[in-house]
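Protein chains in written order, with the working numbering: chain A, 1 to 641; chain B, 642 to 989.
Treat the hints loosely; a few may be bogus.
[To be verified] Below are the DSS-like pairs computed for lysine-lysine, each with C-alpha atoms no more than 27 Å apart in a straight line:
1. A:487 with B:670
2. B:875 with A:210
3. A:233 with B:670
4. B:670 with A:216
[As the list claims (entries may be wrong)] Output of the computed footprint for chain B on chain A, the stretches with three or more beta carbons under 8 Å from beta carbons of chain B:
5. 215-225
6. 234-247
FYI, nobody ran anything at the bench for these hints, they're computed from the structure. A virtual CB, placed ideally from N, CA and C, is assigned to each residue, including glycine.
Residue-level listing of the chains:
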Amino acid sequence: MRIIAVHIYGYGKLTDRTFNFKEGFNLVLGKNESGKSTLMSFIKAMLYGHKKNEREKDGFIPEVKKYKPWNSDKYGGYLILETDEKKILRVERDFNGKTLSVYNEYGEEITNEFSFSKENEMIGQDLLGMDYECFINSSFMCQDKNLLYAEDKEHIAQKLMNIKESGEEQISVGKAVKKLKEGITLLGNERTKGRKYNILSAQIREEEIKLTNMQKENKKCMEYLAEAEEIKKELEELENEEKLCKKSETFNRVNENIEEYERYNSEKEQLKKKLSDTDIDAYEKRRKEFDTVAEQYKDAEKIYERLSEKEKRNNAKRTAFAILAILIIATGAVLAITTDILLLLCASAAIPFIVLFLIMRKKNKELIIQAEKLENMIKTKNELAQIEIVLGNDKSFNELIKRYTGLQEDILRKEDVLDYSALLEKADFHNPQGKEPKWNYEECLTLIREKRERLAVVKAQLKEYMNSDEQTASQEERIELLKEQMKAVEEKQKALQYAIDGIEQASKQIREEIIPKMNRKMSEYLKMITAGNHDNLSTGSTMDLNTEHNKTIRSVYNFSDGTLRQMYLAFRLAAAKVFSSECVTPVFMDETLVYYDEERKRSTFDFLYELSRHNQILFFATDMEESLLEGKDITVIQLNN
Amino acid sequence: MALTFFHMADIHLDQPFSSLGLQEGFPSKRREEIFHEFMRILETAREEQPSFIFISGDLYEHEYTNIKRISRINEAFSELKGNIILISGNHDPESKNSFYRSFPWSENVHVLGRSKPNVVFEKEKVCVFGIGYDTGGGQAKILETIRTDRKYINVLLLHGDVDLSLSTYNAVSSDMLKDIGFDYVALGHNHRMYVKDNIYNPGSLCALKFGEDGKHGYFKGDLSTGQVEFVESKARKYIDLKMDYEKFADFERMYPDRQDIYRIKVTGTKSDYQPLATPEGYDYVQLTDARTAEKKEKKQHVSQGIKGRFTDIMTTKMEEVLSEEIRIYEDALKLGLQALSDEELDLE
Chain A
1 MRIIAVHIYG YGKLTDRTFN FKEGFNLVLG KNESGKSTLM SFIKAMLYGH
51 KKNEREKDGF IPEVKKYKPW NSDKYGGYLI LETDEKKILR VERDFNGKTL
101 SVYNEYGEEI TNEFSFSKEN EMIGQDLLGM DYECFINSSF MCQDKNLLYA
151 EDKEHIAQKL MNIKESGEEQ ISVGKAVKKL KEGITLLGNE RTKGRKYNIL
201 SAQIREEEIK LTNMQKENKK CMEYLAEAEE IKKELEELEN EEKLCKKSET
251 FNRVNENIEE YERYNSEKEQ LKKKLSDTDI DAYEKRRKEF DTVAEQYKDA
301 EKIYERLSEK EKRNNAKRTA FAILAILIIA TGAVLAITTD ILLLLCASAA
351 IPFIVLFLIM RKKNKELIIQ AEKLENMIKT KNELAQIEIV LGNDKSFNEL
401 IKRYTGLQED ILRKEDVLDY SALLEKADFH NPQGKEPKWN YEECLTLIRE
451 KRERLAVVKA QLKEYMNSDE QTASQEERIE LLKEQMKAVE EKQKALQYAI
501 DGIEQASKQI REEIIPKMNR KMSEYLKMIT AGNHDNLSTG STMDLNTEHN
551 KTIRSVYNFS DGTLRQMYLA FRLAAAKVFS SECVTPVFMD ETLVYYDEER
601 KRSTFDFLYE LSRHNQILFF ATDMEESLLE GKDITVIQLN N
Chain B
642 MALTFFHMAD IHLDQPFSSL GLQEGFPSKR REEIFHEFMR ILETAREEQP
692 SFIFISGDLY EHEYTNIKRI SRINEAFSEL KGNIILISGN HDPESKNSFY
742 RSFPWSENVH VLGRSKPNVV FEKEKVCVFG IGYDTGGGQA KILETIRTDR
792 KYINVLLLHG DVDLSLSTYN AVSSDMLKDI GFDYVALGHN HRMYVKDNIY
842 NPGSLCALKF GEDGKHGYFK GDLSTGQVEF VESKARKYID LKMDYEKFAD
892 FERMYPDRQD IYRIKVTGTK SDYQPLATPE GYDYVQLTDA RTAEKKEKKQ
942 HVSQGIKGRF TDIMTTKMEE VLSEEIRIYE DALKLGLQAL SDEELDLE
């Protein structure tokens, strides 16, 4: 492409101006502030538009504002261009309305035929085959880009390295990758501390522990519930058991009582049987009588002996008296033969003895009666003794009866029944019917007490759970939210890594595709620029840019500033060539040679003139030595008027 | 004698709503709403006094519910005159320590399952069988052992699917149920309402997630007449939308129900990373920006610098990867360009 004419309606200080350019070398001369930069900026804006979204800050004025016309309402203009296909185009822009229109030589609007123009009004991209970034980094060398006021070697070297890596001098792949990696580190990972990743994962851990605890508590609560139900069942069982114990105990006690009752009963019955022949009442009566009489005859046996002796003695006396009486009577009878009186006398003499005899006999009779009485008594006593032997010689039969009666009463009273049959009924009622209690009553009570105590504890716990408002679901949601944030961090890191990979891949492509071409082109241009002083410039896998000089490969940093600048120019132009691909790009230069020494100026200028055979060159300068222009077909355009 | 009943299922009390967590407090609110809707229906039951309330599983979330909630439900149950018959679901299984087993339920609550397969109401002449959730899908086998007695009206509560060949979970055939002779089959498990002959699945009482569209509520009927009607619950709807960015501007006019829960996937193209504006005044709107970046035509035959090449590489990747990765690549592209332009990286 080449520019045939530029017409400005209004752009910065330039109003309603036309500039015509020719093929080859166009030298635009103008004093400072004559509008050289404005014209360059106009051409750039016509091709690529103004940079979008630029903001005014720190004294920086966005281009769109900076070039607002001073003396005109019309803000824009047009370019007449010739494409590589030799078609004439008119590219018109209105920077106020931000419109771009492209017309063909017949005045027909053909804007839509250019894809980039249609999309983002970058007709330059369609015509020059390079995007804006490439354009301003290669063929458009404005003053601040090529004068390298303050640049030192390192700065230039950095730019070269940038071009080598990114194809663009402003962009450092290393720096971009470093920045992205810093981003990854900033977000953090398992090995870092206090970063977003770490904070989030700590929070997640903490919340997960809380969740686990909540779940544990919930589980515990359910266990308590189950336990409470279990205890209730056990208590019910124990209470039944307690009842069973009581029943069983009552049964046993009543049973024992019944046994006791029955034992006495049978004892009594046995006795009764034994005594069935004995009239106990008669015995008791006789005994009573005997005991009453016996009081008087405490020693009945002795009295009886005495009486017996007395009786014997009385009998002897009686016999003596009888004999005496008989003897006297007999004597009288004998004597009476002689005299009757004597008989009488004798009979009279016998009377006292008869009387005595009679007395004795009477006395004896009494003794006998008494003795008989005594004998009877002794007999009775013996009989009673015999009965008593039969009665077991136990004075306590009565007591037995009494005890029996008492016991009977006790048992019945104790069991709160009226009679033996009621007692039997009671036993029957409390009969556990073969069910044996597992525990005794005391054990039962202890167990019941223990269970009740535990139930109270469990119920208290459950009450606490009942009052708790903790919601496990909310906790789960909190964690999910944190995990979402974590996911976002991880995705961001992934994105950063993808960006790194993408940039490295792009950089690799550039190195592989562009650099060999660049190396060739740079060497070619450098040779021309330096008039054969340097004939190669290359870059390899390392960051260094090297040149082979006097058969030695040397780093470009070893050369003087001037040479370095020439090398830089070679790079810029090589980049323009390489990046523009098949398109023929006009080269715009602003005071490129101002810092060059005479020799370098000449060689460079000669080279540029040589280059202008292929590429239209628009060289902007304040002035130019006549010697440099000699013998060259150069179109000179004076800006000042 | 009228034998009225309510039949519901899949209330999922205390379910987490993590997907709604982007709006703080909304999941808790949603949980309470569902609980209140359930309680409101019990309140209706208190007024209408149905003889039975059948709840066919997944009443609550075993993992998340607590004793306080269960107590409140039980309290409400105890205030009802009718009988409440419950079975377990896969979300509230009849496990060792489940509330179904260990909670001291009110006397009119009957939990049916393995330990108590049926309950007979002599006065009403109704026999209710219950087959809840059981691991291993053995529930269907239990059916084979059931014999109904024609003296009773036979009701089956089943947590599982009927005639859904795709479902392996507790799936049984309607023919089998017919053969056994149930008068009313009260299903649960599937969140979508469906009716087939005398098999009724009410679906979830309230919609619980996106995709659960259609009607939600419970059945109300009379076992003696066989009359059954569906009563819709009062609950928010989940509305899942895919809208073109241009149509999205019209969203508020098209969807005026501000209490519904919206998930909107906005499609179309975006330029300059213009963010989406969330519609105002809605209770819950979840926006997904699925707009694709304006497609840059590949700059064939154009030799480019790193930004162009990088953009090309990333754009190519976006065409190759799965949809969820596209977003990451879009971000990668943005970050890469920021890094190459030495701008501040957007790490938020």
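Okay, the hints, checked on the actual structure:
| no. | hint | result |
| --- | --- | --- |
| 1 | A:487 with B:670 | holds (25 Å) |
| 2 | B:875 with A:210 | violated (34 Å) |
| 3 | A:233 with B:670 | violated (39 Å) |
| 4 | B:670 with A:216 | holds (25 Å) |
| 5 | 215-225 | holds (count 7) |
| 6 | 234-247 | violated (count 0) |
Violation of the numbered hints given earlier is confined to hints 2, 3, 6; the remaining hints are satisfied by the structure.
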